[in-house]
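Trainee: Spelled out from the first residue to the last, the chains are:
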Amino acid sequence: MRYVAIFAVITFFSSVTPAQNAFTYEEQKLVKSFQKRTTDYANTRVKIERRLPKLPKAATIEQIAAHKSTLQAAIQKARANERPGKIFTPEAAAMIRRMIRREFTDTWDGSEIRASVLEAETQGAVVRINTPYPDSAELVEMSPTLLLSLPQLPKGLRYRFIGRSLVLMDRDNALIIDYMTNALP
Amino acid sequence: MNRISAGFISLLLALAVSLPSVYAQGAAADSSGSGRSLKLTLPVAADSVKFVSMGDTGTGSRQQHELAKVMLDYHAVFPFEFVILTGDNMYGSEKPEDFKRKFEDVYRPLLDKGVKFYASLGNHDEAIQRHYELFNMGGDEYYKFKKGDAAFFALNSNYMDKEQIEWMHKEMGSDNSRWKFVFMHHPPYSSGGKHGSLMSIRRVTEPLFLQHGINAVFTGHDHFYERIMPQQGIYYFVTGAGGRIRRGDIKRGSPLTAVGFDRDLSFMMVELAKDLLHFQVISRAGETVDSAALVRQTQQE
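For the record, the sequence lines run as chains A and B. Numbering-wise (the working numbering), the first sequence opens with residue 1 and increments by one. Numbering-wise (the working numbering), the second sequence opens with residue 1 and increments by one.
Heads up, a few of these hints could be off.
Stated by the list, open to error - The following label-pair restraints were derived from C-beta to C-beta distances:
hint, chain 1, residue 1, chain 2, residue 2, range
1, B, Asp47, A, Gln123, 47 to 53 Å
2, B, Thr298, A, Asp40, 48 to 54 Å
3, B, Glu133, A, Val46, 23 to 29 Å
These are calculated hints, taken from the structure and not from any lab test. Each residue gets a CB set at the ideal place from its N, CA and C atoms; glycine is no exception.
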């Protein structure tokens with residue numbers, strides 16, 4: 001384990017542009033299927049958004065807010081029967097827990113990430129599928145090194161911590177698409 | 001001149017220019033009509049790039065309005081063209097009326113004078129802010145713009161993924177401006193007791209800043225003003241006192257601090273004159289809390 005950690009640090013510093021971490025052979029299959037499910041959501045969202053009035057380039061703040069809530073309602077309707085764990089399947093969730101734990105033990109950022117997450121003002125945020133993240137709650141910053149160690153998401157989908165849960169959130173309508181509990185070691 | 005020697009010369013210059021006697025040199029007549037005595041240490045050259053950096057503004061509070069009034073007064077003698085916002089542009093809810101109350105109402109006199117605001121996103125900001133016309137983000141969470149001989153890179157430090165890192169590498173690497181600046185919310189270096197230096201951000205960004213010759217980095221998140229001692233030749237500033245103050249939060253005796261001010265709100269005025277970056281930091285009371293001229297670093301061969 002120690003050699004893996006040293007190798008990871010050397011690799012990190014020898015490359016100026018940090019790259020997405022490589023996954024183990026066993027992880028690759030799970031990562032691929034996880035990414036397919038996230039892409040499926042992203043494609044559905046694009047289809048739904050295409051049916052809505054387009055946001056003008058020079059939109060007013062009223063138009064921006066209206067677009068967000070219309071998109072939110074349309075996606076909530078389309079995903080009304082979704083249940084948690086469809087994207088974060090038990091296998092995918094277990095793998096992501098392992099990846100986060102590895103990041104916490106192999107780098108120096110673990111305590112910083114934990115402090116950011118647990119001190120964040122996320123009052124009012126409910127970890128429930130198809131529920132909007134409140135605009136008044138703080139968005140916990142995601143450590144770049146942690147993001148590089150997790151499977152990459154399609155544009156517009158985000159990982160976010162709410163307490164010890166990790167959620168998948170849609171950047172543009174703030175809906176919680178899926179979540180997994182006990183993600184933070 | 002390499003980064004280290006430029007940093008040392010800048011430190012000497014900064015110490016010299018920070019002396020109170022210099023205030024008289026740059027003292028400007030108050031043409032704002034406020035009756036406030038405005039002391040200017042900046043050269044106010046005709047063709048220079050002039051801007052303001054501040055962050056953590058979005059409260060709509062009385063104090064934020066008062067600081068905006070001081071900014072307006074200074075604009076009369078130091079006509080800055082634009083403001084870079086280092087994030088947390090909107091605390092609490094982000095309804096259309098909030099954008100009006102926490103931004104437009106506060107800065108309306110400056111907006112009416114044609115001052116543009118360029119925003120970066122903080123941990124209290126929703127990504128939809130990138131579409132808000134008055135934040136000039138062009139629909140992007142991270143973006144670049146140029147003014148004169150300077151390039152400004154606005155980063156989203158709240159979600160710095162692979163895509164953004166690749167963008168930084170490409171855009172910073174291909175830019176040949178005389179000055180290159182980054183502004184973002186989270187500080188790679190800070191002496192804040194509440195937050196302080198964000199190591200995870202530093203670990204990813206600093207190698208890129210060094211490789212691509214970034215001269216200065218403006219951040220917020222910690223609610224005070226701090227000029228950091230040059231780090232590997234790069235100048236870092238925490239300008240997070242635009243709307244909230246965390247009194248006494250700068251760790252006393254921190255080796256990072258060149259100058260710190262955590263007693264009141266403040267904003268930082270910057271002027272680029274060829275190879276010198278002049279700056280002056282003004283508090284809500286109108287006093288100068290820091291002022292210096294820093295030498296532009298050149299890439300180490």
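Trainee: If a hint holds in the structure, say so; if it does not, say that too.
Mentor: Now the hints, each set against the structure:
1. B:Asp47 x A:Gln123: 47 to 53 Å: 50 Å, holds
2. B:Thr298 x A:Asp40: 48 to 54 Å: This hint holds: roughly 50 Å between Cβ atoms.
3. B:Glu133 x A:Val46: 23 to 29 Å: 24 Å, holds
The structure is consistent with each of the numbered hints, conforming to all of them.
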